[in-house]
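Based on these hints, arrange chain B on the given structure of chain A.
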Amino acid sequence: MNSLDPPLLDELRAILGIEAIVSRATELKVYECDGWTVEKSSPDILLMPRSTAELSAVMAALDRRAIAYVPRGAGTGLSGGCLPLNAPAMICTSKMNRIVEIDYDNRRVEVESGVVNLHVTNAVKARGYFYAPDPSSQVACTIGGNIAENSGGPHTLKYGVTTNHVLGLEVVLPDGEIVELGGPTEERCGYDLVGAVVGAEGTTGIVTRATLRLMREPENHRTLLASFPDVDSATRAVSLIIASGILPGALEMMDQLITRAVEDAFHVGLPADAGAVLIIELDGLEAGLTASADAVATMAQSCGASAVKLARDEAERALLWKARKRAFGAVGRLAPNYATQDGVVPRTCLPQILRVISEVSRRYDLRIGNVFHAGDGNLHPIILYDERVPGQVRRAIDAGRDILKACIEMGGSLTGEHGIGVEKIGEMPLLFSPDDLRVMTELRHVFDPKGRSNPGKVIPEPGACVEVAAPRRQVPI
Amino acid sequence: MDEAPITQSMPVQDVCDYDLLFDCVHCGLCVEACPTYIATRREMDSPRGRIYLMKSLAEGKLQLDDDSVRHLDLCLGCRGCETACPSGVHYGQLIEGARAFVERNYRRRFFDRFRRSAVSAVFPYPLRMRALLAPLVIVDRLGLRPALRTILPRALRDWIDLLPRLAGARPLAPEAHAAPAADAPRVVVHHGCVAQVLANSENLNSERLLAAAGYRVVHLENTACCGALDLHSGNAARALDFARANVSALKRSGADAILSAASGCSVAIAEYGQLLKNEPAIADDARAVASKVKDLSSLLLAAGWTAPREFRCTVTYHDACHLAHGLGVREAPRRLLASIPGVKIIEMVESDLCCGSAGSYNLTEPEMARELGRRKTDNIVATGADYVVLANPGCEFQIAAELRRRKSKTTAIHLADFLALASNGDVR
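Those protein sequences? They're chains A and B, same order as listed.
Position in the first sequence (from 1) plus 748 gives the number in my numbering.
Position in the second sequence (from 1) plus 16 gives the number in my numbering.
The shape of chain A in the complex, shown without the other chains (with noise of 0.2 Å):
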């Protein structure tokens, strides 16, 4: 703790007092990575304030002694968004969890940024509305967090993702200035600063309070299971589903890879001799449902499903959803590590890019699942290894590489909903010109001059080798 003195930690104390602040190394310990693991590095000291006002004059006392800091929510990122880099504090939301106040009438609700995203849902559904992200890990990820990655889930591919659904966001600036952006209301005139916050990974401040588009519940749902031989008819079917005007809620698609391992989790009666299996959510009003879930049955068994079951009640569709949301979880079933990936890649690509994979999967000798939302081309594949055989943690980073510059020379990105955390910042330049990634520093600047928020994250620093992870860190291969 060498960074932080004294009379810092005097001052904190007096705006947060002692219960919420952590500075023992056993205890730091367990904030060391998100779910990201690969990389790992103890914050020095953990505040977590309980309210704006708090969290700000904390800010401003980091601020007058330059400290760096890293945000975070629930620590669930995939990409190690909230791993400290040159940032002795962390600050973490988790203690600002209220529901401000829900206003059906203009169907928007004000959260703190630490709430946790499925309680919103779960705060509204009686009325019949629902907040339309729904990444995987929404039992336990914060708002705060799905803001700061621009959060997808599986009905992204209908509903968008994060920065669809955000009206307005109260932000503390890194000097401890309260701002607020954007507005209650739907249509905005001048630059879109909101936009600008979302998906920037907390390296513009630390959100504290948004305002969130709440959606009405469709009238209905025709959930269908599609079972194909391999994935290459899976991903024709997408395609074809897709051309033919239908906008599925959700379109994902499982290998069987990940079918086996979620049916052995489960037991939900997915076929685990299928190549792959596509999940089809088509909803909204009754009237037309049925005739669209034909029309995507029969678009399914023309690209050589073997079969098409259509869940019958709530509880078959729920069972179909958990197992779905759970799949990375269940994966962890068939090996003690993964890495997850998040490349996206033009929809007619799915079948090149799934080739590609496969290719990496034996170059590398390592197991990839995957498990994807297939109707907007947003690729996850899971790179199973064992952090115990030496070497293969070095693999696993090299596979998820070289799927990653596969996707970008397919026309694709680096990351759909994920981030880019410290993950992917050494692709960074594959993607953008170094003009480019100046524009974005001189953005992140107006909000950051210091670059002490979130620092070593999303945008490389210029000079660093970019084929290896930013080389100042201890990486653990």
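Derived by calculation from the structure, the hints in this document are not laboratory data.
Every value quoted in this text rests on a predicted model; they were computed, and no experiment measured them.
C-beta: ideal position from N, C-alpha, C; glycine also.
Heads up, some of the hints might be wrong.
[Claimed, not checked] Capping the alpha-carbon separation at 27 Å, the derived lysine-lysine pairs in DSSO-like fashion look like this:
(1) A:K1057 / A:K1073
(2) A:K873 / B:K360
(3) A:K1057 / A:K1070
(4) A:K906 / A:K788
(5) A:K788 / B:K77
(6) A:K1073 / A:K906
[Unchecked claim] Derived DEER-like restraints, expressed as beta-carbon distance ranges:
(7) B:Q290 / A:P1197: 53 to 63 Å
(8) A:A991 / B:G358: 53 to 63 Å
(9) B:A354 / A:E1107: 50 to 60 Å
(10) A:G765 / B:V365: 22 to 32 Å
(11) B:A354 / A:L1191: 52 to 62 Å
(12) A:R855 / B:S133: 57 to 67 Å
Chain B alone, transformed into the frame defined by chain A:
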């Protein structure tokens, strides 16, 4: 880039089953299912955080110190995280291992040591428990408990507040039931240790209900504590002794189904197979006994139990942790309650969040237990129900104490007692 040397994680300390730690992929989906995380919002008080502490201890990256013990102690062992976990982490086994490790390697402060030895020396032995409570029975008979409270130190007062009124609560002998059909399945109700002293009506009502539903109720000759208290407090050796004694007794009973009015005991028995797997002499019997564990509501539903009369009231159902997260029983008790004419069920929020009782947890961790007890009763009171029905005596004491404190009109009652009340108008 300077390649750091390849780090190979090897266990250097025998904290728990090291390989089981690798089931956890650090996704964090468990944290909001953990009552202590919900209360403190700090990750060292979450399942993922505790697993990380165990792993760091096992790998020698952390030393066992006051902080690590503190956060391991604060776990309720409710297993809410096992329900939430997509990776199938055996958290219960991990925390039991870690607790035994703590007891082997850490010297507690005097008061804590005293508190824990008192629980350990008295609770598993009904005779000792009765002897210790004898003076309080007299106090209660004279109606002097309020006076007694005022002169006791706070720690003792908190313990006594958890006890139901003891006057008139004399040990009830097992009773004979009408002869069942010759081929009726044999059922044993394991009477437990604390339960047979403080809540024997739950055992006897369970037996009456099962007998009336056509089961052949078999009594155990001697009932040892199931060992759960010891497993949860790191005393593995005695837990194994208790488990062996129970396995032989339960095997001799020839039971087709085994249950306990305490869901924690049911789960402990259901895990005997795992617990005794390394003892060849008894491993097969332990597995066989474990596989026979059932719960009251499922047995009654299977036998087609119906309420003999109408009983008009509102009820909210609290999921005892080990019943819901351990045995996975959630629907059966609700279906049973809903089948009683006149009973209206009002669901509370967070019905499967631990009430803070957690075995002897409310005696060793009173602050957290009180906080969770208050949260639970907030949710109960919000339903406005006449009864909160639950299937575990520990939850009943904890919730009843909290309801008494806030002078609520809601009554906490065990499922077996409630069914007796609904059927006969009387718990006894």
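Here is what the structure says about each hint:
no.: 1; hint: A:K1057 / A:K1073; result: holds (19 Å)
no.: 2; hint: A:K873 / B:K360; result: holds (23 Å)
no.: 3; hint: A:K1057 / A:K1070; result: holds (17 Å)
no.: 4; hint: A:K906 / A:K788; result: violated (36 Å)
no.: 5; hint: A:K788 / B:K77; result: holds (13 Å)
no.: 6; hint: A:K1073 / A:K906; result: holds (17 Å)
no.: 7; hint: B:Q290 / A:P1197: 53 to 63 Å; result: holds (58 Å)
no.: 8; hint: A:A991 / B:G358: 53 to 63 Å; result: holds (58 Å)
no.: 9; hint: B:A354 / A:E1107: 50 to 60 Å; result: holds (56 Å)
no.: 10; hint: A:G765 / B:V365: 22 to 32 Å; result: holds (29 Å)
no.: 11; hint: B:A354 / A:L1191: 52 to 62 Å; result: holds (59 Å)
no.: 12; hint: A:R855 / B:S133: 57 to 67 Å; result: holds (59 Å)
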